[in-house]
Each structure stands twice: as structure tokens, then as C-alpha cells.
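Trainee: What follows is the residue order along each chain.
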Amino acid sequence: MTYVLGKLLHIVIVAGAALPGLAAVLVWAERRVSAFIQDRLGPNRVGPAGLLQPIADLLKFIFKEDVIPGHVNKTLYVLAPAMSLVPALVAFCVVPYARGMAIADVNVGILLVFAISSIAVYGVSIGGWAGNSKYSLLGGVRASAQMISYELALGASCVPVFLVVGELNMEAIVAWQKANGWLVFYLFPAWIIFLVSSYAETNRLPFDLPEAETELVAGYHTEYSSMKFALFFLAEYIHMITASALSVTLFFGGYELPWVTLPGGAWGTVLSGLVFFGKISFFLFLFIWVRWTLPRFRYDQLMNLGWKILFPASLVVVLATAGWIAMVTP
Amino acid sequence: MDRDGDAVKTRVVKRPQMSLGERIYFATIVKGLLLTIRHFFGVFGDLFHWKTKTTAITMQYPEERWDFKDNFRGAPALVMDQFGREKCVACQMCEFVCPPKAITIWPAEFATTDNNVEKYPDRFEIDMLRCIYCGFCEEACPEEAIFLVKEAELVHTEKKDFIHDKKKLYQMGGIREDRILKWQHK
Chain A
5 MTYVLGKLLH IVIVAGAALP GLAAVLVWAE RRVSAFIQDR LGPNRVGPAG LLQPIADLLK
65 FIFKEDVIPG HVNKTLYVLA PAMSLVPALV AFCVVPYARG MAIADVNVGI LLVFAISSIA
125 VYGVSIGGWA GNSKYSLLGG VRASAQMISY ELALGASCVP VFLVVGELNM EAIVAWQKAN
185 GWLVFYLFPA WIIFLVSSYA ETNRLPFDLP EAETELVAGY HTEYSSMKFA LFFLAEYIHM
245 ITASALSVTL FFGGYELPWV TLPGGAWGTV LSGLVFFGKI SFFLFLFIWV RWTLPRFRYD
305 QLMNLGWKIL FPASLVVVLA TAGWIAMVTP
Chain D
-7 MDRDGDAVKT RVVKRPQMSL GERIYFATIV KGLLLTIRHF FGVFGDLFHW KTKTTAITMQ
53 YPEERWDFKD NFRGAPALVM DQFGREKCVA CQMCEFVCPP KAITIWPAEF ATTDNNVEKY
113 PDRFEIDMLR CIYCGFCEEA CPEEAIFLVK EAELVHTEKK DFIHDKKKLY QMGGIREDRI
173 LKWQHK
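Protein chains in written order, with our numbering: chain A, 5 to 334; chain D, -7 to 178.
Hints are not guaranteed to be accurate.
[Unchecked claim] No more than 35 Å apart at the CA atoms, straight line, and that leaves these computed lysine-lysine pairs for DSBU-like: (1) D:Lys43 x D:Lys23; (2) D:Lys43 x D:Lys61; (3) A:Lys68 x A:Lys78; (4) D:Lys1 x D:Lys23; (5) D:Lys142 x A:Lys182; (6) D:Lys61 x D:Lys111; (7) D:Lys93 x D:Lys152; (8) D:Lys1 x D:Lys61; (9) A:Lys68 x D:Lys152; (10) A:Lys312 x D:Lys151; (11) A:Lys64 x A:Lys138; (12) A:Lys68 x D:Lys151; (13) A:Lys64 x D:Lys23; (14) D:Lys23 x A:Lys312; (15) D:Lys142 x D:Lys61; (16) D:Lys43 x D:Lys142; (17) D:Lys151 x A:Lys64; (18) D:Lys93 x D:Lys160; (19) D:Lys159 x D:Lys142; (20) D:Lys142 x D:Lys93; (21) A:Lys182 x A:Lys138.
[Claimed, not checked] Stretch-level coverage of chain A by chain D, calculated; a stretch enters the list once three of its residues show a Cβ under 8 Å from a Cβ in chain D: (22) 37 to 43; (23) 161 to 174.
[Said to hold, decoys possible] One-sided and incomplete, this derived list gives chain A residues near chain D with beta-carbon spacing under 10 Å: (24) Gly46; (25) Ala53; (26) Gln57; (27) Ile196; (28) Thr297; (29) Leu298.
By construction, these hints were calculated from the structure, which means they are not laboratory data.
Idealized CB from N, CA, C, for every residue including glycine.
Here chain A stands alone, though its shape is the one from the complex (with noise of 0.2 Å):
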């Protein structure tokens, strides 16, 4: 019984306020650093350097009327934001944040997460049918192809991590890298793809498609106003945060520093859970910084840079590790 409730306050912490409040977070560094890019300022007016932006944001989107127009389909045009959102944040549930502070610390680990996130794309097409109009309509059925699509290099450019280390267990993947060093050293290729198809699994620039706004408008949100809006939106940041702590987690050593030993007991959970979120602000940063640097791909050129190159890309890179696993393993 503590056990269920100790999980269920787990669960009600990081996914009812640390996560949509990191989300915030990042709405708020996604426009003062698209700002500064620009240079421009940004918003810096509500708050300390504007940091109560977001909730400005949020209490407008609240206030906002929630139209729901004549001529969507009802139950799936309310179905679809949450069909976003909870992927989303079911996803991170696997990713070890801090020493031991994963809240399911499964053996199957990552695979839960591309689970998880392929579930996502449901809420993004649905979205996209429900709203019943030409655009959100092809924004959808562009991200369900682009999802599925990058989901293979995904998925194969995770598979060298795991020969590495030998687990799917993420724990176990942070401990091997304590052990013997960060994983990108080893499999930068890997990491490489890994970081671009989690782009565009995320939908960001420079993968937007779903969402092009000088095409579509908006893509599969152009008929949600309000909070359902929101969601979708909250959905895109979360997603974010699940792919950087992935990129961390498998490739940077995770909540460990290389060298410096942390402490053991509760010190060493909140100090490693500060390293974490270090690493992971240095990845939601470098979102940010490549969606304000790079224009969006042709949707003919996303489809060939996945299945041409990135795909095959990820197939040699697990079958190079796995023969120099082969070579060096006596």
C-alpha cells in the first residue's frame, strides 16, 4: 500500500508539476533565446527577465474560449489533445532522472519509451482527422508517415547502445557508462542519428512538417483553440524533455559525472539529479538553438534523408558494433 501511494505521489510530482513546469521552463528559453538569436530581447517584462511569462501565457489560454467548431468530429476533436499529451508523458516514466529515481525502473526500459512514443502519433493524426479541414488533415497524415518513418532509425540507432552494454535496463546502461566511460565516444555515429531522428520525431525544425505554418497554417492544431491548444503544445515540450534525457541517458552518462564520484544517500539523489538536469538543459538548449538556425526540410527531402540515409545509416552502424563486438569479445 505505501508502495502504490509512494508511486502515485511519484507519478502525481513529475508528471502533474516537474514536467509540464520544465515545459514552461522551456517555452519561456524557446523565446528568449529565439529572441537573442534575432536580436531581439524577448519577452522580459512579466516576472524576473520574464520568467512569469508562461504563466501569463497559460492563464490567457485558460480565459481563452474553447470553440469547438461545427464541423469537427466531437469525440475524437476532444480525444486527441490527451491522446497527445499522455504518451508523452507516460514516455519519460522509464528515464532514470536521478540515482534511482526512475518512477518504473523496468528491465525493458527503452523499449517502453519507443512504445510509448509511437502511441504519440495517434494524438497527432487524430488531431489532424478530427479537425475535419485540409490542413490539419495533411498535417496529420504527414506526421504519422514522418513518425513511423524515423521511429526504424530511431529504434536501430539505439540497438548499438545495447550490444554495447549488454541491457536494456537504463540503469544499468548509466552504471556500464560509469564504469567505462560516456557511450558517445564509442558510438558517435549512433548518436549522431539518434539525434536527428529524435528531431524529427519530436516534430522540431528542422522537421516541422506536421506543423508548417507558411503551408498548413498550423498543421494538425490549426482548428484547436484554448486549452486543447495547449495541450498539443505542452505534448511538443514534454516529447522534447523525454528525447533529451534519452540522448543523456544512453549516450552522456546520464544523472553520473565522468571521474567525480557523487556522494551516496539522499545528497547524492538530488546532487545526481542536478547533473541530469544540467545535461538535459545543454540538449532542450541545443532544440532551441538548431530550430532558430535551420530552415525547414522539403517533405520529399525528409523522406529521403530517413529511408535513404538514416535508416540504412542506422543498420550499418548496428551491424559495425556488433562485428566489433564480435572481434574484440574472445
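Following the hints, complete the assembly by docking chain D onto the known chain A.
Mentor: Below, chain D without anything else, positioned relative to chain A:
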């Protein structure tokens, strides 16, 4: 061949081919990232005043204002001379020249005419909802009493506040050094 069957001279234009490095993209992506991060730290430095020249082009509006040129045509205002006397003699030239009829003057006469001036405006009103900032009043004024000042942001919550009365006009215009000084000598 063209329509008559003659051979057409053609020139093959060589299209530049992307090199392998360009086709891999990563070098150019890194170049782009370095460019944007330079701008990022440029504005980041502005916040802590690292540099003498700011990178950010944003003007922090209510605190920072535009530096208008002297010939800027803002709101019309009345001015006083250096002795604090009103220069307007209520000739009503501006009122007559005003294209949108924004100016209304109620002239009054001085009891004594010792000081060369016979009239003064009892009330002087400019309806800023009608004013088109043309500057004809400034041009027409024979006494150099009305000028377009640099005040450009007129914000009120009540319609009647847009009618500038004499007090408001003198407050906006202030004192202007005068060469004529009609009050002392003709």
C-alpha cells in the same frame, strides 16, 4: 534545331555540383549554429553590459523614446516668451487656416493698450481628434506663438481629454526665446 531545320548553336551551362562535404550538410549546419550562437551571446552580453555597443536592436519603449528631429510635426502647442508672457494675440489666423477646423479661439480685449498688444485669447482650444498635424497653424502665425512640438503620443481614456485647452497648450509649448518682444517696443 529551330523551326526552319537549321542547327541551333547551344552553350552548355555548367551547373555547380555540391561537393561531398556540402551534401553531408554537417559542416554547414555547424557553421550556421556558430553564426546563431554568436548573435545569442551578443544579446546575452547586452544584458550584462559587456560591450559598449549593443547587439539587440529592440527599443524598450516606455522607458526609451524616439529622438525626434527638431522639425518633427507633433501636437501643436502655444509658447510664451522669455518673460512668461503669452505671445498669442488672438488674431485667429491659425483658426482660419486650419484645414480640419480643429482650432477654436475666443478672443478677448485688454482693458488698456499701453503695451502694444490689444487682444489675447480668452479660451484657446485644439481638438486633437480633428488635428491632422499639417503645421499650417505654425506657418500662418504672425507672432510665432504656436508651434508643433515633439509630443506624438496622445493617449486618453475620455474623448473630452483630447480637446487641449489653453493651460494644456502652454504646458506643452513652454517658453521660447523671442526676438520680437512686441510688449516692450513696436
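Trainee: Hint by hint, note whether the structure agrees.
Mentor: Structure-based check of all given hints:
Note on Lys43 (chain D) and Lys23 (chain D): the hinted pairing holds, with a Cα-Cα distance of about 24 Å set against a maximum of 35 Å. Between Lys43 (chain D) and Lys61 (chain D) the alpha-carbon distance is near 28 Å, which keeps this suggested pair within the 35 Å criterion. Restraint check for Lys68 (chain A) and Lys78 (chain A): satisfied, since their Cα atoms lie roughly 19 Å apart, inside the 35 Å limit. Between Lys1 (chain D) and Lys23 (chain D) the CA atoms are separated by roughly 42 Å; this puts the pair beyond 35 Å, and the hint is violated.
A hinted pair counts as satisfied when its Cα atoms are at most 35 Å apart, and Lys142 (chain D) with Lys182 (chain A) does not qualify at roughly 67 Å. Our distance criterion of 35 Å between C-alpha atoms is met by Lys61 (chain D) and Lys111 (chain D), whose separation comes to about 33 Å. Taken as a hint, the Lys93 (chain D) and Lys152 (chain D) pair is honoured in the structure, with Cα atoms around 17 Å apart against an allowance of 35 Å. Using a Cα cut-off of 35 Å, the hinted pair Lys1 (chain D) and Lys61 (chain D) is violated, with the two alpha carbons roughly 61 Å apart.
Between Lys68 (chain A) and Lys152 (chain D) the CA atoms are separated by roughly 33 Å; this keeps the pair inside 35 Å, and the hint holds. Under the criterion of a C-alpha separation no larger than 35 Å, the hint pairing Lys312 (chain A) with Lys151 (chain D) is inconsistent with the structure, at around 67 Å. About 28 Å separates the Cα atoms of Lys64 (chain A) and Lys138 (chain A), which keeps this hinted pair within 35 Å; it holds. Proximity of Lys68 (chain A) to Lys151 (chain D) is assessed by CA-CA distance (about 30 Å); at most 35 Å being required, the pair is judged to hold.
Simply put, Lys64 (chain A) and Lys23 (chain D) have alpha-carbon atoms about 38 Å apart, too far for the 35 Å limit, and the pair is violated. Simply put, Lys23 (chain D) and Lys312 (chain A) have alpha-carbon atoms about 25 Å apart, close enough for the 35 Å limit, and the pair holds. Between Lys142 (chain D) and Lys61 (chain D) the alpha-carbon distance is near 8 Å, which keeps this suggested pair within the 35 Å criterion. With a C-alpha separation of about 31 Å, the suggested pair Lys43 (chain D) and Lys142 (chain D) falls inside the 35 Å cut-off, and the hint holds.
Simply put, Lys151 (chain D) and Lys64 (chain A) have alpha-carbon atoms about 30 Å apart, close enough for the 35 Å limit, and the pair holds. Pair hint Lys93 (chain D) plus Lys160 (chain D) holds up; C-alpha atoms about 19 Å apart against a cutoff of 35 Å. Note on Lys159 (chain D) and Lys142 (chain D): the hinted pairing holds, with a Cα-Cα distance of about 18 Å set against a maximum of 35 Å. Taken as a hint, the Lys142 (chain D) and Lys93 (chain D) pair is honoured in the structure, with Cα atoms around 21 Å apart against an allowance of 35 Å.
With a CA separation close to 50 Å, the supplied pair Lys182 (chain A) and Lys138 (chain A) exceeds the 35 Å bound. With 6 residues having a Cβ less than 8 Å from any Cβ of chain D, the region 37 to 43 of chain A passes the three-residue criterion, so the hint holds. Look at the region 161 to 174 of chain A against chain D: 0 of its residues bring a Cβ nearer than 8 Å to a Cβ of that chain, fewer than three, so the hint is violated. Given hint, Gly46 (chain A) at the interface with chain D, holds; its Cβ is 8 Å from that chain's nearest Cβ, closer than 10 Å.
For the restraint placing Ala53 (chain A) at the interface with chain D, the shortest Cβ-Cβ distance is roughly 8 Å, inside the 10 Å limit, so the hint holds. At about 15 Å, the closest approach between the beta carbon of Gln57 (chain A) and any beta carbon in chain D exceeds 10 Å, and the interface hint on this residue is violated. With a cut of 10 Å, the hint placing Ile196 (chain A) at the interface with chain D holds, because the nearest CB-to-CB distance is about 8 Å. A least Cβ separation of about 4 Å between Thr297 (chain A) and chain D falls short of the 10 Å threshold, and the interface hint therefore holds.
A cut of 10 Å between beta carbons decides the hint on Leu298 (chain A): the least distance to chain D is about 6 Å, and the hint holds.
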